[in-house]
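Undergrad: With chain Y's structure known, arrange chain D on it following the hints.
For the record, the sequence lines run as chains Y and D.
By numbering that gives the first Met the number 0, the letter at position 104 of the first sequence is numbered 103, and the numbering carries on one by one without gaps.
By numbering that gives the first Met the number 0, the letter at position 149 of the second sequence is numbered 148, and the numbering carries on one by one without gaps.
For the record, the hints were derived by calculation from the structure and aren't laboratory data.
Errors might be hidden in some of the hints.
[Claimed, not checked] As a list, the in silico SDA-like pairs of lysine to any residue whose alpha-carbon atoms are at most 20 Å apart:
no., chain 1, residue 1, chain 2, residue 2
1, D, K178, Y, S49
2, Y, K178, D, S49
3, Y, K219, Y, R182
4, D, K178, Y, V43
5, D, K200, Y, Q99
6, Y, K233, D, S254
7, Y, K200, D, R100
8, D, K200, Y, P158
9, Y, K247, D, R237
10, Y, K200, D, D104
11, D, K180, Y, N50
None of these values were measured; they are calculated from a predicted model.
2 protein chains.
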Amino acid sequence: MPKDENIEITSETIDVLNNRRSIRAFSDTAVTDAHIDAILGAAVRAPTSSNLQAYSVVVVRDAARKARLAELAGNQKHVITCPVFVAFCADLSRIEVALQRYGHDLEDNNLEMGLVSSIDAALVGMSAYVAADSLGIQGVMIGAMRNDPEAVAELLDLPPRAYVVFGMCLGFPDGNAPKQKPRMPRPGIVHLETYDHTASKAGIDVYNDQLRAHYETIGKETNTDSWTYEVDSKFAARPRNTLRAALKRLGLDFS
Amino acid sequence: MPKDENIEITSETIDVLNNRRSIRAFSDTAVTDAHIDAILGAAVRAPTSSNLQAYSVVVVRDAARKARLAELAGNQKHVITCPVFVAFCADLSRIEVALQRYGHDLEDNNLEMGLVSSIDAALVGMSAYVAADSLGIQGVMIGAMRNDPEAVAELLDLPPRAYVVFGMCLGFPDGNAPKQKPRMPRPGIVHLETYDHTASKAGIDVYNDQLRAHYETIGKETNTDSWTYEVDSKFAARPRNTLRAALKRLGLDFS
Numbered sequence: 000m001p002k003d004e005n006i007e008i009t010s011e012t013i014d015v016l017n018n019r020r021s022i023r024a025f026s027d028t029a030v031t032d033a034h035i036d037a038i039l040g041a042a043v044r045a046p047t048s049s050n051l052q053a054y055s056v057v058v059v060r061d062a063a064r065k066a067r068l069a070e071l072a073g074n075q076k077h078v079i080t081c082p083v084f085v086a087f088c089a090d091l092s093r094i095e096v097a098l099q100r101y102g103h104d105l106e107d108n109n110l111e112m113g114l115v116s117s118i119d120a121a122l123v124g125m126s127a128y129v130a131a132d133s134l135g136i137q138g139v140m141i142g143a144m145r146n147d148p149e150a151v152a153e154l155l156d157l158p159p160r161a162y163v164v165f166g167m168c169l170g171f172p173d174g175n176a177p178k179q180k181p182r183m184p185r186p187g188i189v190h191l192e193t194y195d196h197t198a199s200k201a202g203i204d205v206y207n208d209q210l211r212a213h214y215e216t217i218g219k220e221t222n223t224d225s226w227t228y229e230v231d232s233k234f235a236a237r238p239r240n241t242l243r244a245a246l247k248r249l250g251l252d253f254s
Numbered sequence: 000m001p002k003d004e005n006i007e008i009t010s011e012t013i014d015v016l017n018n019r020r021s022i023r024a025f026s027d028t029a030v031t032d033a034h035i036d037a038i039l040g041a042a043v044r045a046p047t048s049s050n051l052q053a054y055s056v057v058v059v060r061d062a063a064r065k066a067r068l069a070e071l072a073g074n075q076k077h078v079i080t081c082p083v084f085v086a087f088c089a090d091l092s093r094i095e096v097a098l099q100r101y102g103h104d105l106e107d108n109n110l111e112m113g114l115v116s117s118i119d120a121a122l123v124g125m126s127a128y129v130a131a132d133s134l135g136i137q138g139v140m141i142g143a144m145r146n147d148p149e150a151v152a153e154l155l156d157l158p159p160r161a162y163v164v165f166g167m168c169l170g171f172p173d174g175n176a177p178k179q180k181p182r183m184p185r186p187g188i189v190h191l192e193t194y195d196h197t198a199s200k201a202g203i204d205v206y207n208d209q210l211r212a213h214y215e216t217i218g219k220e221t222n223t224d225s226w227t228y229e230v231d232s233k234f235a236a237r238p239r240n241t242l243r244a245a246l247k248r249l250g251l252d253f254s
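If we strip away everything but chain Y, and leave its shape as in the complex, we get:
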């Protein structure tokens, strides 16, 4: 083991990430337009594949619009109570304008273009999240924007070939930070040179125990199997199985 293994290597950014929790309860402290400018100004510097910038961001403060978004997200009340909700969109509309100038179009766009734009949105979203957290502004990502992407797109008046990949509730946290949830054991998810199949599988039962212990600590009801049980309960039924058809209607084919 190299000599420097014991030197603490850290930074404000690393501290922010190491202390990250999803926050769903917010104080009355205002998140100003200047905060949002600073956060999104930094976030748009995230890498973007081939300089495509195939994303857009919609900042929502209006109470009625947040209420409707909350409803579309399966009645998540923090979407209403957060001072600012930010929607991170995959957006191929400017790409299409570019292609049209040279007599081309985006009919039959493919999985690569769906992924490039979705990843662009995710990189900007994650950058915004960590930038916000570095100012004490925290929140939670809302994947449930994919429950009904057409209704969300209509509400935000998105152009064709755009959809909301995820939203984000942001605000100053109210009260104490919730206890941090454990993560899958590192050797099961971080591999050296090639994938360690044994470590990946072995991590699952270790993690079931750790997550169950965490739930007991915070008084949350759980099953003996915890993680595997939750995952099966949620995904055996293939949630959002109509997503592909909905996104195709919005102009992203994923073909």
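TA: Quick look at chain D alone, frame taken from chain Y:
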């Protein structure tokens, strides 16, 4: 406009993002295992949809393996010269283990599962990138891992239902930082309450001018139209049009 609009709102994290460039030339300064531990230890705290943790990370230092990855990425020599290459993988294999325990499987997995795992990988990857940069370790994301996802998966010995979403070259930069590329005008990509279609379209020609001016400054040959021309040249032909079939063979259906 609120009184505090003129107060500078910043942090180390925001500075890191605001100064970000893609770095493709590296110094001899070692990136130690302790650095990588600190970077990835922080990165795995990124949000993950429904606590699925549907990603894995493979850290590559071996010269022969980097050389092969460089070749698969279309001969990008920084993949060879970077001290550390990190592959961020969408990984449904642990999800499948969980489902199998209850008599279910991941046959006919859908677009949502493809996106959830790809976004998980992107969130961890972006977190790693900004954590590294906060330590002075910079680099570039390599989307070209999607050129031939099956060859990449084989080289890293990934399990079924996993693929590399993108890679990342990391190292201490060698020499001066390249000039930062301008981004699309903010009003065209950041919208308030609803999407501003006029601003989005108007931003394109403004950006063509800004990007062309940037290319002239750095002595790069360009076309009058710069951005739109580059985008058309690259995407009219639908690159990676076989990605969907390749990922399906790897066990991600995107259906």
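Undergrad: Could you run down the list of hints and mark each one as holding or not?
TA: Each hint, compared with the structure:
1. D:K178 / Y:S49: holds, 17 Å
2. Y:K178 / D:S49: Given pair K178 (chain Y), S49 (chain D) holds - Cα atoms ~16 Å apart, limit 20 Å.
3. Y:K219 / Y:R182: holds, 17 Å
4. D:K178 / Y:V43: Holds, at roughly 16 Å.
5. D:K200 / Y:Q99: holds, 13 Å
6. Y:K233 / D:S254: Roughly 18 Å separates the two Cα atoms, so the pair holds.
7. Y:K200 / D:R100: At roughly 13 Å apart (the allowed maximum being 20 Å), R100 (chain D) and K200 (chain Y) satisfy the hint.
8. D:K200 / Y:P158: Holds, at about 11 Å.
9. Y:K247 / D:R237: Distance ~17 Å between K247 (chain Y) and R237 (chain D) Cα, so the pair holds.
10. Y:K200 / D:D104: Measuring from Cα to Cα gives roughly 16 Å; hence the hint holds.
11. D:K180 / Y:N50: Given that 20 Å is the threshold and the Cα spacing comes to 9 Å, the pair holds.
The structure shown violates none of the earlier numbered hints.
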